[in-house]
Amino acid sequence: MITLENVVKVYGNDTVAVDDVSFDVAKGDFVFLVGPSGSGKSTLLRLMSREEIATEGDVWVAGRNVTEMPPSRVPYLRRSLGNIFQDYKLLLNKTVFENVAFALEVIGKPRHVIREQVPFVLELVGLADKHERFPNQLSGGEQQRVSIARAFVNRPLIMLADEPTGNLDPATSEGIMMLLQAINETGTTVVMATHDHRVVNMMRRRVIQLDRGVVVRDQERGVYE
Amino acid sequence: MLARIEYALRETWASFRRNLTLTMAAVLTSAIALLLVGATFLIQRAFENLLVQWRGDVAMIVFVRSDASPEQVALIDSTLRAAPSVIDVDKLRYLDKPESYAEAQRIFAGDPVTLSLLTPETIPTQFKVVPLTEDTNLVRSLADQYRTLPGVEAVALAEDEFEVISTLSSFVRNVTLIMSLVLLAVAIGLIWNTIRTAMFARRREIEVMKLVGATNWFIRIPFMLEGLLQGLIGGVVSCFGVWGLNSAWTNGVATFKPGTGIASLVVPGGYLSGVMLVLLLLGAAVGAIGSAIAASRFLDV
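First to last, the sequence lines map onto chains A and B. Numbering follows the numbering used here, in which position 47 of the first sequence is assigned residue number 64; successive positions increment by one, without gaps. Numbering follows the numbering used here, in which position 2 of the second sequence is assigned residue number -17; successive positions increment by one, without gaps.
Straight line, CA to CA, 20 Å or less: simulated EDC-like cross-link-like pairs of lysine to aspartate or glutamate: (1) B:109 <-> B:52; (2) A:111 <-> B:-8; (3) A:111 <-> A:140; (4) B:78 <-> B:58; (5) B:109 <-> B:48; (6) A:111 <-> B:-13; (7) B:72 <-> B:116; (8) A:106 <-> B:186; (9) A:111 <-> B:188; (10) A:126 <-> B:-8; (11) A:126 <-> A:115; (12) A:111 <-> B:186; (13) B:109 <-> B:125; (14) A:44 <-> A:75; (15) B:78 <-> B:134; (16) A:126 <-> B:186; (17) A:106 <-> B:188; (18) A:126 <-> B:188; (19) A:44 <-> A:237; (20) A:44 <-> A:202; (21) A:44 <-> A:22; (22) B:72 <-> B:84; (23) B:109 <-> B:58; (24) A:126 <-> B:-13; (25) B:109 <-> B:29; (26) B:78 <-> B:102; (27) B:109 <-> B:77.
Treat the hints as calculated values from the structure; they're not laboratory data.
Make a model of the complete structure from these sequences and hints.
What follows is the structure, encoded as structure tokens:
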């Protein structure tokens, strides 16, 4: 589903964020990218969603070479990805329903699809009764659920999660992880960058550990060390 | 498809209302710029009416009495052609009664009293003379000579009637043209700024849209429509302005004494509609250019 081949990413001021990284993620896999701040976790996610372009090497996502993809194709790549973030990136002037509907609306989905799909995913993330609330009226965990609903509503092949539990307490984080696991069980590949020991140790899934842009460990059913 | 159109229109309208102050400034500036463009067209057309009989380097007009015999006309013609060193005989033109009448329609457009006195039968016909020489004294002495020919009613010289107006005309045209170009550029700048501000205000939305895979065109189009609409509204306002100015002018001219020449400075309705159409198109173009630049440059917010 995702293949990185000798990927190097150097930022403008000669900062090497990713240095010769190669790995494969199979369809339906659940992978943690772990490591301290600045180890290159987020950069790898951004390379996969084509927010950054690799300086060297190739990034293959869902059968497409992202590195050589023309800019006009990038939106179609993004439609097969679901992105979630530490800061949720919800639109504060829209309700829960509208936030999720927005993701379908802006890729031109007709209204009957929106009316059908949005309540379904809100039910899935456990927010069916709060669809008229605004993000500010929700807890952090609930806001992250909205953002997961938004990422999942288009049935992506891959979920890219950048520190999704970074702002949440342990109990809430656990709920979010259960949700990601449920999504993973539908066949969606999940790649999650985190430095949250607890969730990694709880899940016992594949762990790729990074240090200063280099893969130092790649372990099935791993823990955070 | 329907969902996309609906989305674009809804977003355009929402953004339009959100930035009302800036939008008003952009609309008013484009309206004033376009009004000046329109005024330039009208003034130019008015002067052209005044100068129509002198078009094409004509420097002398020999008016022939309407009751002159064909022999007298032939004599005048041969006399004019007898001075090929002074007169450009290839460009010598004779306007018969229907042609002279058609021309008078334009010259006296704003002077219905004079116009009503003229008929295709009683109108003087005319020879339009293009001289080869720059020597105005020579042309003047020729004119004195032609005045004595039988059948000649009058001889008019461009020097006497034309040059002041011609100079004035090009001066006015240049000034209004430069001013309107500058204002058009300002209008494009203001629309650009309005759209840029609108995009900045919605940068989070744009970020999310890119994240979930909206195409750049999908993101851009509402903003471009917004700019187009601003220019177009400016165009509509300027049309009202041009129409109002022209009506006031036409009414004012009607109070002048007939025969002063001011009357020909009136612009006919058909031409005015043409100018208004141009203003609408120009307004739309100004809006489209301003917003297109903004939308393509500031998408990476």
